[in-house]
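**Q** Got chain D sorted already, so can you dock chain H with the ligands onto it with the hints?
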Amino acid sequence: MDILVCLKRVPLAGSTFLLTPDSRDVDTNHLAFGISPHEENAVEAGVQLIEQMGGSLTLLTLGSADAEEQLRSQLAIGASRAILLETDGEDWDPQATASALVEAIQSEETKFDLLLFGAESADNAGYQIHIRIAHALGLPIVTNVKSMKIENGVARCERVVGTQREIYETPLPAVITVRDGLNIPRYPSVPGRIQARKKPIDHKKPTPKVPKLEKVSLSVAPSNTGGAKVLGNGAEAVPALVEVLQTIGILA
Amino acid sequence: MILVLIDHDRGELDPLSLRALTAARKISDEVQAVVIGEAGSSLSGIAGEYGASAFHVATHAGLTDYAPAASGKVLQQLIAQLNPVAVLAAGSPRGNEQLAHLAALMDLPMAAECSSITLSTGADSPHLVTRARWAANLLEEANVHSDLLIATVLAFSVEAEPLSPPLVPTVEKFTPDLSDRDLQVKVIDRGGDAVRGGVTLADAKVIVSGGRGVGGPEGFTALEELASLLEGTVGCSRVVTSAGWRPHAEQVGQTGTKVAPDLYIAAGISGAMQHIAGCKNSKTIVAINTDSEAPILAYADYAIIGDLHKVIPALTAAIKEAKGR
Ligand SMILES: Cc1cc2nc3c(=O)[nH]c(=O)nc-3n(C[C@H](O)[C@H](O)[C@H](O)COP(=O)(O)OP(=O)(O)OC[C@H]3O[C@@H](n4cnc5c(N)ncnc54)[C@H](O)[C@@H]3O)c2cc1C
Ligand SMILES: Nc1ncnc2c1ncn2[C@@H]1O[C@H](COP(=O)(O)O)[C@@H](O)[C@H]1O
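Keeping their order, the protein sequence lines are chains D and H.
Residue numbering for the first sequence follows this note's numbering, starting at 75 and increasing by one per position.
Residue numbering for the second sequence follows this note's numbering, starting at 235 and increasing by one per position.
The following block holds chain D by itself, in its conformation from the complex (with noise of 0.2 Å):
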């Protein structure tokens, strides 16, 4: 079997960010580099099915040159080649980034029987780029799934919707967007690091559009409280959390 899966660099922030003096982007100067938890279950799961019934695994990324580090580490986990879609480093508008990544899709020799997304990428959420890739190829997609099988060129598929569970199914070629809880991501080995670094990697240059969804700014969310009344330290504080549950009506 043949995957594709794509993923995107994006920088791995803690609890507050901090804007560039332009307000445009995410200050990247002390943040370390990773992709979104979805996308590296969509790597996992991709490596998983070629261990079960071989085949390859190819990795797909638009982003800045800098983006072949994430690449190397996906390859370290079992990918077999990537392609890099190569950029200045300015995020591509939903359209703009689904286009190229069609393109590189449809200029591969290798017609994939799979294609692998992260629900949500974890930076820009736009929900879209895997719809719009999957029309652009005339494919069926599943999104958000959480657990799936393939049997006979079927993907059995469940997504979970409040407290049910949704199946699908789909015959592959198919597109097919997963989240995390899909399984636990391994990390890679160093023998595993070490091929990486021989793993092939085509660089491309796309043509950029004129984005249609176009960024003007950001702003950082306004947070819901000033900060927390401290009732005390340890279970000596717990009478006064006690009256406060009274008062917000937990408790009669």
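No lab work stands behind these hints: they were computed from the structure.
There could be a bad hint or two in this list.
As the list claims (entries may be wrong) - In silico SDA-like cross-links for lysine to any residue, where the CA-CA straight-line distance does not exceed 25 Å:
no., chain 1, residue 1, chain 2, residue 2
1, D, K185, D, D76
2, D, K223, H, L342
3, H, K557, D, V316
**A** For chain H with the ligands alone, kept in the frame of chain D given last:
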């Protein structure tokens, strides 16, 4: 006119759709609603209560259950008839998904999870939106360059407000033209409860949530006892699910469940923004943490500084006593 997609699950309303209707009313004098599938036709009354002047029911033999690609097609065909200035839906997994199908079919931009929308004032000016990014920790101001605005409404940015007096919408049946391909991906079955026990995270009024500070799976017994005493349920951080201490269904946060209980107790949770993203709409947050500098304290309403292994049992005992009186 703004067209609002009213989401339902085999006839049961998604209440977030009422927030989308309310948001639409704030920016337009005329709001119409659409439901996909005959099962949604009973929702015309409530759509009128929240401001819809017309109620479109898309009926088709294939529309028996949720089928997101078909929804995109239905919306595209209805828009061609009605020519609205915007199409809105709730910022929910289903709302985002169905409008993304629409946007993909029409090759138009889509702005997901908007907390504010200003419609274009003329032919050459874009629509302006403020949309949530980074799990609503950052807000983005963006221009949407398109005649038709396709956007979803950030779940907690607007409360649903009924209109008084309510409208009685005209009910319009609409039969879309759908192929088997459009209906290929559809819910074909449902599994049992994805969550153990009665109360689910998303509906719970009280959540007692544990993080790395709980120390291991055994430590959650005390949290479970406190939660059941308060008729609530247990939640946890991602560290906890990654370690396999608790099932993923209990994870609160950006990649887990977003919750909004009356009371959220965060015990041994540092307050990473991806966790906060899932619990910040709680009415009251209480943090129990050994570290008086933990980031969670910036978001919590109340805090106890101390070891949760001492505080939780003491709290359980004190609540039992208070209830006994
Ligand atoms: C894109 C992305 C998405 C993510 N999604 C999620 C998500 O959905 N949900 C989520 O939770 N995380 C998510 N994370 C992970 C998140 O960044 C944090 O790593 C995680 O929330 C930390 O969990 P924690 O608070 O349990 O652990 P820690 O950060 O290690 O904090 C443990 C806390 O416990 C306190 N403590 C220790 N011992 C005790 C004790 N005995 N009594 C009281 N307090 C004690 C410590 O002072 C500390 O504050 C995501 C990360 C990324 C990058
Ligand atoms: N720049 C990118 N390069 C490759 N894949 C991407 C990129 N942006 C988004 N994706 C994929 O599309 C998914 C959804 O992204 P989004 O529509 O931004 O929420 C992500 O989880 C990735 O799998």
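**Q** Each hint needs a verdict: does it hold in this structure or not?
**A** Going through the hints against the structure:
{"no.": "1", "hint": "D:K185 x D:D76", "in the structure": "7 Å, holds"}
{"no.": "2", "hint": "D:K223 x H:L342", "in the structure": "33 Å, violated"}
{"no.": "3", "hint": "H:K557 x D:V316", "in the structure": "11 Å, holds"}
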